[in-house]
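There are 2 protein chains.
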Amino acid sequence: MLNPKKNKRFSFIPTYKTVQEIITDQNLATLGDAYTNLIYSLYLSTKTREPTGAKANSHILSKALKQARLRRFLPSRTDRHKQADAAEALLVYAWLQGLTAIKENVNMMIKYKDATEAFSSLLSDAKKKLDL
Amino acid sequence: MLNPKKNKRFSFIPTYKTVQEIITDQNLATLGDAYTNLIYSLYLSTKTREPTGAKANSHILSKALKQARLRRFLPSRTDRHKQADAAEALLVYAWLQGLTAIKENVNMMIKYKDATEAFSSLLSDAKKKLDL
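Listed in order, the protein sequences are those of chains D and A.
Going by the working numbering, the first sequence opens with residue 107, and the numbers climb by one from there.
Going by the working numbering, the second sequence opens with residue 107, and the numbers climb by one from there.
Derived by calculation from the structure, the hints in this document are not laboratory data.
From the three backbone atoms N, C-alpha and C, an ideal C-beta is built for every residue, glycine too.
Some hints here could point you the wrong way.
[Unchecked claim] Interface residues of chain A toward chain D, partial, derived using beta-carbon atoms under 8 angstroms: (1) R115; (2) M214; (3) I216.
[To be verified] Derived pair list, reagent style DSSO-like, types lysine-lysine, alpha-carbon separation capped at 30 angstroms: (4) D:K123 x A:K235; (5) D:K188 x A:K209; (6) A:K172 x D:K114; (7) A:K114 x A:K209; (8) A:K153 x A:K123; (9) A:K153 x D:K235; (10) D:K233 x A:K235; (11) A:K153 x D:K188; (12) A:K209 x A:K161; (13) A:K172 x D:K153; (14) A:K161 x A:K233; (15) A:K217 x D:K217; (16) A:K235 x A:K153; (17) D:K172 x A:K235; (18) A:K219 x A:K123; (19) D:K209 x D:K172; (20) D:K219 x D:K123; (21) A:K217 x D:K233; (22) A:K172 x D:K123; (23) D:K161 x A:K172; (24) D:K219 x D:K153.
[Stated by the list, open to error] In silico contact screen, one side only, chain A against chain D (beta carbon under 10 angstroms); selected entries: (25) V125; (26) L137; (27) S147; (28) F179; (29) L180; (30) T184; (31) L236; (32) L238.
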């Protein structure tokens with residue numbers, strides 16, 4: 107298990123003690139959007155063997171959050187977009203804390219044909235590594 | 107000098123022999139858009155000390171391309187958006203080839219208050235490392 111404090115990639119990142127704090131941080135979600143689009147684009151590029159840019163949509167990400175059994179950390183009325191934000195926040199948080207790496211993330215994703223399953227496996231992995 | 111072939115981050119990336127080939131590859135530019143948005147977001151996050159997501163606009167990127175003296179590799183009628191695409195393609199190409207790293211890119215950018223200068227320095231660095 108890596109020590110998040112020691113491996114932080116950037117100094118601006120807060121250290122949270124609960125999953126809820128991470129996945130409801132809207133600022134983190136906006137940065138997470140950029141991170142998620144890059145890994146999704148790299149996943150598609152690797153699958154199609156051609157450089158490709160794409161946005162991971164909220165349908166895929168909210169479904170992935172459910173599959174990874176992380177939906178339960180959000181209030182029941184949370185809409186699909188906020189569920190996608192939660193997924194993006196968690197993925198970038200794990201990366202910023204130095205617990206995951208982009209290439210490793212993409213290599214994990216390409217084991218799955220389906221993007222939802224690919225993101226679900228990343229989310230489960232991030233949750234596990236955060237150890238919260 | 108790193109050997110690009112040995113350090114490629116992903117197998118899908120073509121190896122180009124000229125700057126023109128890189129900066130006019132539209133597929134590379136779409137992936138470069140995702141990459142550029144992430145490093146720009148990390149630059150802003152570091153400056154404001156708060157996680158922030160943002161898109162690097164074509165004004166900033168086309169100006170940076172000129173400042174880095176790379177505009178001359180494009181035909182004279184190339185519009186601003188294609189100039190920005192060129193910058194994005196070059197930045198992601200250098201990263202995909204393993205010649206640059208995200209943290210190193212962001213650390214270089216934060217030396218500059220101005221985003222155009224920050225991107226200009228990255229582009230010059232990428233061009234130098236590509237050795238084309």
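These are the hints, each one checked on the structure:
no.: 1; hint: R115; result: holds (6 angstroms)
no.: 2; hint: M214; result: violated (14 angstroms)
no.: 3; hint: I216; result: violated (10 angstroms)
no.: 4; hint: D:K123 x A:K235; result: violated (41 angstroms)
no.: 5; hint: D:K188 x A:K209; result: holds (28 angstroms)
no.: 6; hint: A:K172 x D:K114; result: violated (34 angstroms)
no.: 7; hint: A:K114 x A:K209; result: holds (17 angstroms)
no.: 8; hint: A:K153 x A:K123; result: violated (36 angstroms)
no.: 9; hint: A:K153 x D:K235; result: holds (28 angstroms)
no.: 10; hint: D:K233 x A:K235; result: violated (37 angstroms)
no.: 11; hint: A:K153 x D:K188; result: holds (26 angstroms)
no.: 12; hint: A:K209 x A:K161; result: holds (18 angstroms)
no.: 13; hint: A:K172 x D:K153; result: violated (34 angstroms)
no.: 14; hint: A:K161 x A:K233; result: holds (23 angstroms)
no.: 15; hint: A:K217 x D:K217; result: violated (39 angstroms)
no.: 16; hint: A:K235 x A:K153; result: holds (26 angstroms)
no.: 17; hint: D:K172 x A:K235; result: violated (43 angstroms)
no.: 18; hint: A:K219 x A:K123; result: violated (33 angstroms)
no.: 19; hint: D:K209 x D:K172; result: holds (24 angstroms)
no.: 20; hint: D:K219 x D:K123; result: violated (34 angstroms)
no.: 21; hint: A:K217 x D:K233; result: violated (34 angstroms)
no.: 22; hint: A:K172 x D:K123; result: violated (45 angstroms)
no.: 23; hint: D:K161 x A:K172; result: holds (28 angstroms)
no.: 24; hint: D:K219 x D:K153; result: holds (9 angstroms)
no.: 25; hint: V125; result: violated (17 angstroms)
no.: 26; hint: L137; result: holds (4 angstroms)
no.: 27; hint: S147; result: holds (4 angstroms)
no.: 28; hint: F179; result: violated (19 angstroms)
no.: 29; hint: L180; result: violated (19 angstroms)
no.: 30; hint: T184; result: violated (19 angstroms)
no.: 31; hint: L236; result: violated (16 angstroms)
no.: 32; hint: L238; result: violated (18 angstroms)
In this structure, the hints that do not hold are numbers 2, 3, 4, 6, 8, 10, 13, 15, 17, 18, 20, 21, 22, 25, 28, 29, 30, 31, 32, in rising order.
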